[in-house]
Amino acid sequence: MNVLVIGANGQIGRIVVDKLQNHAAHDVIAGVRKDAQKEDYESKGITSRFIDLEGSIEDMEKAMENVEAVVFSAGYGGDTGADKTMMIDLDGAIKSIEAAKNAGVKRYVMVSAVNANDREYWSYNMEENSIGGYYFAAKHYADVWLENSGLDYTIIRPTLLLNDEGTGKVEITEKLKQEGKKLEIPREDVANLIVASLDHDNSIGKSFDANGGDDDVDEAVKGL
1 MNVLVIGANG
11 QIGRIVVDKL
21 QNHAAHDVIA
31 GVRKDAQKED
41 YESKGITSRF
51 IDLEGSIEDM
61 EKAMENVEAV
71 VFSAGYGGDT
81 GADKTMMIDL
91 DGAIKSIEAA
101 KNAGVKRYVM
111 VSAVNANDRE
121 YWSYNMEENS
131 IGGYYFAAKH
141 YADVWLENSG
151 LDYTIIRPTL
161 LLNDEGTGKV
171 EITEKLKQEG
181 KKLEIPREDV
191 ANLIVASLDH
201 DNSIGKSFDA
211 NGGDDDVDEA
221 VKGL
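Here the sequence shown stands for residues 1 to 224, numbered as in the numbering used here.
The set of hints was computed from the structure by calculation and includes no laboratory data.
In this text, all values refer to a predicted model and were calculated from it rather than measured experimentally.
Even for Gly, the Cβ is constructed at its ideal location relative to N, Cα and C.
Fair warning: there could be bad hints in the mix.
[Claimed, not checked] Between beta-carbon pairs, the in silico distance windows are: (1) 152 to 184: 28 to 34 angstroms; (2) 183 to 102: 18 to 24 angstroms; (3) 175 to 149: 18 to 24 angstroms; (4) 205 to 165: 29 to 35 angstroms; (5) 150 to 91: 18 to 24 angstroms; (6) 50 to 168: 31 to 37 angstroms; (7) 84 to 144: 16 to 22 angstroms; (8) 91 to 24: 34 to 40 angstroms; (9) 102 to 181: 21 to 27 angstroms; (10) 57 to 168: 33 to 39 angstroms; (11) 50 to 222: 32 to 38 angstroms; (12) 118 to 59: 33 to 39 angstroms; (13) 50 to 84: 17 to 23 angstroms; (14) 57 to 167: 35 to 41 angstroms.
[Unchecked claim] Computed list of lysine-lysine pairs in DSS-like fashion (alpha-carbon distance at most 27 angstroms, straight line): (15) 206 to 169; (16) 38 to 62; (17) 38 to 101; (18) 206 to 19; (19) 175 to 222; (20) 34 to 19; (21) 106 to 175; (22) 106 to 19; (23) 101 to 206.
Work the whole structure out from these sequences, hints included.
Written out as C-alpha cells, the structure is:
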C-alpha cells in the first residue's frame, strides 16, 4: 500500500517511516510541515508531501492523492496548551479523516493515548493530569469521529512513551488492567504495532490499549 504518515517528523512518525521504507509490501510517503523536513526526507530517497493540520481539508486531500492508507502520529500533546492541542490533536485529526474519505483512502491508523476512551479517568477531576483533561478529550473525540467515519480504522492507545530501544514485545487489550504493572512502552514498539496493523486486516475496526509486555508484536496483532 501507499502509506502517508502524518507527523513524519515526530518521534514515532520517524520510526514508522524508516520501517515502512524497508517494507516489501508498502511504499511510504512522509507527511511534513516544513521545507527543511521535506528536504531531509527527500535527500534519503523518501517521498514527502506537505501536510498542514491547521490548513484546509482540500489541501490535505491533494496530499492524499494515490494514497491507500493514512497513519496519524502527529500531535502537540498537552505541553503547548489547550489551544494547539484542540487545533491539532482534535480538529487537525478530524480534518485529516474527512480528507481521507474525500480522497478515496480507506485505511486509517490512529495513534491515540491510553485512557482517552475512559471519561471517568480524565474528566470530573477524577485524576490529576499534568497535561490537562483537554488532551484526553481531544484524543477521545478524534477517536470517536474516526470510529464513525466509515474508514477501515485501527486505533492504538499507548501508555507512557519511552525512547528506549523496542523489545518487539507488547501487551495489547481492549481495556488494560493497570494495577501492579509499569505503564510504559518504547516508541519503537508503537511503530511496530502501526506496521503490524497495516499488515493484518484483522486489526481493522479495532481499538486497543498498548503497553510493554511479553507477546510478540506481530502475533499480538494477529490475535485481535
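Structure-based check of all given hints:
{"no.": "1", "hint": "152 to 184: 28 to 34 angstroms", "in the structure": "holds, 29 angstroms"}
{"no.": "2", "hint": "183 to 102: 18 to 24 angstroms", "in the structure": "violated, 37 angstroms"}
{"no.": "3", "hint": "175 to 149: 18 to 24 angstroms", "in the structure": "holds, 22 angstroms"}
{"no.": "4", "hint": "205 to 165: 29 to 35 angstroms", "in the structure": "holds, 31 angstroms"}
{"no.": "5", "hint": "150 to 91: 18 to 24 angstroms", "in the structure": "holds, 19 angstroms"}
{"no.": "6", "hint": "50 to 168: 31 to 37 angstroms", "in the structure": "holds, 33 angstroms"}
{"no.": "7", "hint": "84 to 144: 16 to 22 angstroms", "in the structure": "holds, 21 angstroms"}
{"no.": "8", "hint": "91 to 24: 34 to 40 angstroms", "in the structure": "holds, 36 angstroms"}
{"no.": "9", "hint": "102 to 181: 21 to 27 angstroms", "in the structure": "violated, 42 angstroms"}
{"no.": "10", "hint": "57 to 168: 33 to 39 angstroms", "in the structure": "holds, 37 angstroms"}
{"no.": "11", "hint": "50 to 222: 32 to 38 angstroms", "in the structure": "holds, 35 angstroms"}
{"no.": "12", "hint": "118 to 59: 33 to 39 angstroms", "in the structure": "holds, 34 angstroms"}
{"no.": "13", "hint": "50 to 84: 17 to 23 angstroms", "in the structure": "holds, 19 angstroms"}
{"no.": "14", "hint": "57 to 167: 35 to 41 angstroms", "in the structure": "holds, 38 angstroms"}
{"no.": "15", "hint": "206 to 169", "in the structure": "holds, 19 angstroms"}
{"no.": "16", "hint": "38 to 62", "in the structure": "holds, 16 angstroms"}
{"no.": "17", "hint": "38 to 101", "in the structure": "holds, 25 angstroms"}
{"no.": "18", "hint": "206 to 19", "in the structure": "holds, 22 angstroms"}
{"no.": "19", "hint": "175 to 222", "in the structure": "holds, 18 angstroms"}
{"no.": "20", "hint": "34 to 19", "in the structure": "holds, 22 angstroms"}
{"no.": "21", "hint": "106 to 175", "in the structure": "holds, 26 angstroms"}
{"no.": "22", "hint": "106 to 19", "in the structure": "holds, 21 angstroms"}
{"no.": "23", "hint": "101 to 206", "in the structure": "holds, 18 angstroms"}
In summary, the structure is inconsistent with hints 2 and 9 from the numbered list given earlier, while agreeing with the others.
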